[in-house]
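Peer 1: One-letter residues, chain by chain:
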Amino acid sequence: MTDTKINIHQPNPEAPTPLEAARLTGGARPEDIESLRLQAAVYVYEAPVRMWHWLNAAAITVLIVTGYLIASPPPTMEIAEATDQFVFGYIRFAHFAAGMVLTVAFLGRIWWAFIGNRHSRQMFYVPVWNPRWWRELFFELRWYVFLEKEPKKYIGHNPLAHAAMFTFITLGMTFMIVTGFALYAEGTGQGSVPDLMFGWVLEMAGNSMRLHTLHHLGMWAITLFAIIHIYAAIREDIMSRQSMITTIISGWRTFKDDRVE
Amino acid sequence: MPQIETFYDVMRRQGITRRSFMKYCSLTAAALGLGPAFVPKIAHAMETKPRTPVIWVHGLECTCCSESFIRSAHPLAKDVVLSMISLDYDDTLMAAAGHAAEAALADTIEKYKGNYILAVEGNPPLNEDGMFCIIGGRPFVEQLREAAQHAKAIISWGACASYGCVQAAAPNPTRATPVHKVITDKPIIKVPGCPPIAEVMTGVITYMLTFDRLPELDRQGRPAMFYSQRIHDKCYRRPHFDAGQFVEEWDDDYARKGYCLYKMGCKGPTTYNACSTVRWNEGVSFPIQSGHGCIGCSEDGFWDQGGFYDRLTTIKQFGVEATADQVGFATVGVVGAGIAAHVAASALKRAQKKSQDAAQHEKTEA
Numbered sequence: 001m002t003d004t005k006i007n008i009h010q011p012n013p014e015a016p017t018p019l020e021a022a023r024l025t026g027g028a029r030p031e032d033i034e035s036l037r038l039q040a041a042v043y044v045y046e047a048p049v050r051m052w053h054w055l056n057a058a059a060i061t062v063l064i065v066t067g068y069l070i071a072s073p074p075p076t077m078e079i080a081e082a083t084d085q086f087v088f089g090y091i092r093f094a095h096f097a098a099g100m101v102l103t104v105a106f107l108g109r110i111w112w113a114f115i116g117n118r119h120s121r122q123m124f125y126v127p128v129w130n131p132r133w134w135r136e137l138f139f140e141l142r143w144y145v146f147l148e149k150e151p152k153k154y155i156g157h158n159p160l161a162h163a164a165m166f167t168f169i170t171l172g173m174t175f176m177i178v179t180g181f182a183l184y185a186e187g188t189g190q191g192s193v194p195d196l197m198f199g200w201v202l203e204m205a206g207n208s209m210r211l212h213t214l215h216h217l218g219m220w221a222i223t224l225f226a227i228i229h230i231y232a233a234i235r236e237d238i239m240s241r242q243s244m245i246t247t248i249i250s251g252w253r254t255f256k257d258d259r260v261e
Numbered sequence: 001m002p003q004i005e006t007f008y009d010v011m012r013r014q015g016i017t018r019r020s021f022m023k024y025c026s027l028t029a030a031a032l033g034l035g036p037a038f039v040p041k042i043a044h045a046m047e048t049k050p051r052t053p054v055i056w057v058h059g060l061e062c063t064c065c066s067e068s069f070i071r072s073a074h075p076l077a078k079d080v081v082l083s084m085i086s087l088d089y090d091d092t093l094m095a096a097a098g099h100a101a102e103a104a105l106a107d108t109i110e111k112y113k114g115n116y117i118l119a120v121e122g123n124p125p126l127n128e129d130g131m132f133c134i135i136g137g138r139p140f141v142e143q144l145r146e147a148a149q150h151a152k153a154i155i156s157w158g159a160c161a162s163y164g165c166v167q168a169a170a171p172n173p174t175r176a177t178p179v180h181k182v183i184t185d186k187p188i189i190k191v192p193g194c195p196p197i198a199e200v201m202t203g204v205i206t207y208m209l210t211f212d213r214l215p216e217l218d219r220q221g222r223p224a225m226f227y228s229q230r231i232h233d234k235c236y237r238r239p240h241f242d243a244g245q246f247v248e249e250w251d252d253d254y255a256r257k258g259y260c261l262y263k264m265g266c267k268g269p270t271t272y273n274a275c276s277t278v279r280w281n282e283g284v285s286f287p288i289q290s291g292h293g294c295i296g297c298s299e300d301g302f303w304d305q306g307g308f309y310d311r312l313t314t315i316k317q318f319g320v321e322a323t324a325d326q327v328g329f330a331t332v333g334v335v336g337a338g339i340a341a342h343v344a345a346s347a348l349k350r351a352q353k354k355s356q357d358a359a360q361h362e363k364t365e366a
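Heads up: the protein sequence lines correspond to chains X and F, in order.
Quick note: the first sequence uses the UniProt record's numbering, first residue 1, plus one each step.
Quick note: the second sequence uses the UniProt record's numbering, first residue 1, plus one each step.
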């Protein structure tokens, strides 16, 4: 790294440059490295990012459960006259409300990417132009298929997580928001604000049934992501050399050893 | 332009009283979603305007649109609506046949160049140079192109002309193609449905006559006054939907109680049409009212959206026919099993590493 101006305490001048992979894939700045040497912890996820994560997780949970029920409704209930009973209406209401929360939170998250730290931007792009990033991606893949003895240290997402996050959250959630609002626009009617903004999506899909099916498949994609995400987070928390679960609670990434890479 | 009778002339000639005529005008205004102020306007147009010449051509179709049209429920429909337009060519309804009929078509195009409306029922098949539909010895697509060339506007009657319907369903061996994909330089109004509702058909024509312009169209080119809402939005069973009261099986008690047909695959929530408001056969009923779900006949590609009786329709990508849920559960199962295996492998690997490290440690200590 040529722009390293900060005087880093190096116990051994012959030692290799620390965090080489993380630096070259864009995850570690010189000051991060110094912070790492000093306290072996880096502040990664700022409060708004963490709050977004948990709000998003809650919204997605509600959306998946209610979304599944909207396509496969619960058995008929005869609690009261139809006028006084609103079971399915409430399920749909929960779905729409959670969808709105998710959308607003996501917009807030995009805004935070502009003003937050460098890690708040990582999710929104994939450095496909960086050959080193690809090599590290394959390294991480090899780690997951047990071909590497030891994983590397990362401050932000590792390249594999980075790619998954971009695909399923940045692209996937955008797809779900756009198709979701297009379906919502069907209920609010032609000429309404959702229709003016997202009505073109229905036209692109050709018919409403197809749009419903696409949205439904999107739900399963997000479900898969959630399963893998939770598994990977727990596994990495145990088996990798850095903290995972506490990081998304406190924001600090701690490391289990003081080796440089 | 030669002298053509006005609609009013025709109506009176057919013995229709002025009172009935005014009734027709106000009902039409109501059907079109217009205020009472438009009733005299419609009446005036009908009294003074010459009838619009219409050429009605038939491609690959079942004639259900014509069957629906001639049953327009309004009292005046069967006489007046057919007289309202000057139907100069319609090979199904006209008395002339063979060369005489084809001559009438050529005459009409020549006489009213740029002024007639082309109504298309059915669609042209394009495979084998259009050989799958021959009209007067020539492929229908040629007749369509010729007639469209000088038309003022085109009405695509029914799902066939609008979207392709059954003959365009996969694999579409004849390459039946909706009108707007063949004729691209004319204003086209789509009036989808299999068939479209009679009053919707006559309503569209009346609007065009009265105001000399196309009705307001939605994004897909359908008249917004009839196709801007879903069956579901105006369904009288909607309260049962919101309550979560569904028919579970065709002959269950809930079916007798008239609960929502959502679980029986009713396509009302995904279908844009006026059935739940205008209804059929003089407003007598419509599919849902008679206890059967909507099949979504006025939607693009409705034959290819899986079964009429399934809520979740099948997708046929990669040669697999399954619903989104079947795909989803299968993938979750596979991934779940994969994760379980991965957990086991990770644990083994970790244990192995631990024992190796311990061995190493012992060695260095020793």
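If you are wondering where the hints come from, they were derived from the structure by calculation, not from laboratory data.
Ideal placement from N, C-alpha and C gives every residue a C-beta, glycine not left out.
Take the hints with a grain of salt, since some may be wrong.
[As the list claims (entries may be wrong)] Below, computed lysine to any residue pairings styled on SDA-like, alpha-carbon distance capped at 20 Å:
1) LYS181(F) - LYS234(F)
2) LYS353(F) - PHE146(X)
3) LYS234(F) - PHE93(X)
4) LYS181(F) - ARG145(F)
5) LYS353(F) - GLU150(X)
6) LYS353(F) - VAL145(X)
7) LYS149(X) - ALA347(F)
8) LYS354(F) - ILE238(X)
9) LYS234(F) - PHE86(X)
10) LYS349(F) - ILE238(X)
11) LYS263(F) - TYR68(X)
12) LYS149(X) - ALA345(F)
13) LYS256(X) - GLU150(X)
14) LYS316(F) - ARG210(X)
15) LYS152(F) - LEU217(F)
16) LYS152(F) - ALA170(F)
17) LYS349(F) - ILE234(X)
18) LYS234(F) - GLN190(X)
19) LYS152(X) - ALA347(F)
20) LYS263(F) - GLY89(X)
21) LYS263(F) - GLU150(X)
22) LYS263(F) - ARG92(X)
23) LYS263(F) - LEU69(X)
[Claimed, not checked] Sample of chain X residues lacking proximity to chain F, with all beta carbon distances greater than 10 Å (derived):
24) ASN56
25) ALA113
26) ILE245
Peer 1: Indicate, hint by hint, whether the structure satisfies it.
Peer 2: Results of checking the hints against the structure:
no.: 1; hint: LYS181(F) - LYS234(F); in the structure: violated (32 Å)
no.: 2; hint: LYS353(F) - PHE146(X); in the structure: holds (12 Å)
no.: 3; hint: LYS234(F) - PHE93(X); in the structure: holds (19 Å)
no.: 4; hint: LYS181(F) - ARG145(F); in the structure: holds (12 Å)
no.: 5; hint: LYS353(F) - GLU150(X); in the structure: holds (10 Å)
no.: 6; hint: LYS353(F) - VAL145(X); in the structure: holds (15 Å)
no.: 7; hint: LYS149(X) - ALA347(F); in the structure: holds (13 Å)
no.: 8; hint: LYS354(F) - ILE238(X); in the structure: holds (14 Å)
no.: 9; hint: LYS234(F) - PHE86(X); in the structure: holds (18 Å)
no.: 10; hint: LYS349(F) - ILE238(X); in the structure: holds (13 Å)
no.: 11; hint: LYS263(F) - TYR68(X); in the structure: holds (13 Å)
no.: 12; hint: LYS149(X) - ALA345(F); in the structure: holds (13 Å)
no.: 13; hint: LYS256(X) - GLU150(X); in the structure: holds (13 Å)
no.: 14; hint: LYS316(F) - ARG210(X); in the structure: holds (12 Å)
no.: 15; hint: LYS152(F) - LEU217(F); in the structure: holds (16 Å)
no.: 16; hint: LYS152(F) - ALA170(F); in the structure: violated (33 Å)
no.: 17; hint: LYS349(F) - ILE234(X); in the structure: holds (16 Å)
no.: 18; hint: LYS234(F) - GLN190(X); in the structure: holds (14 Å)
no.: 19; hint: LYS152(X) - ALA347(F); in the structure: holds (19 Å)
no.: 20; hint: LYS263(F) - GLY89(X); in the structure: holds (15 Å)
no.: 21; hint: LYS263(F) - GLU150(X); in the structure: violated (52 Å)
no.: 22; hint: LYS263(F) - ARG92(X); in the structure: holds (16 Å)
no.: 23; hint: LYS263(F) - LEU69(X); in the structure: holds (11 Å)
no.: 24; hint: ASN56; in the structure: holds (20 Å)
no.: 25; hint: ALA113; in the structure: holds (29 Å)
no.: 26; hint: ILE245; in the structure: holds (16 Å)
Hint check: violations occur at hints 1, 16 and 21; the rest are consistent with the structure.
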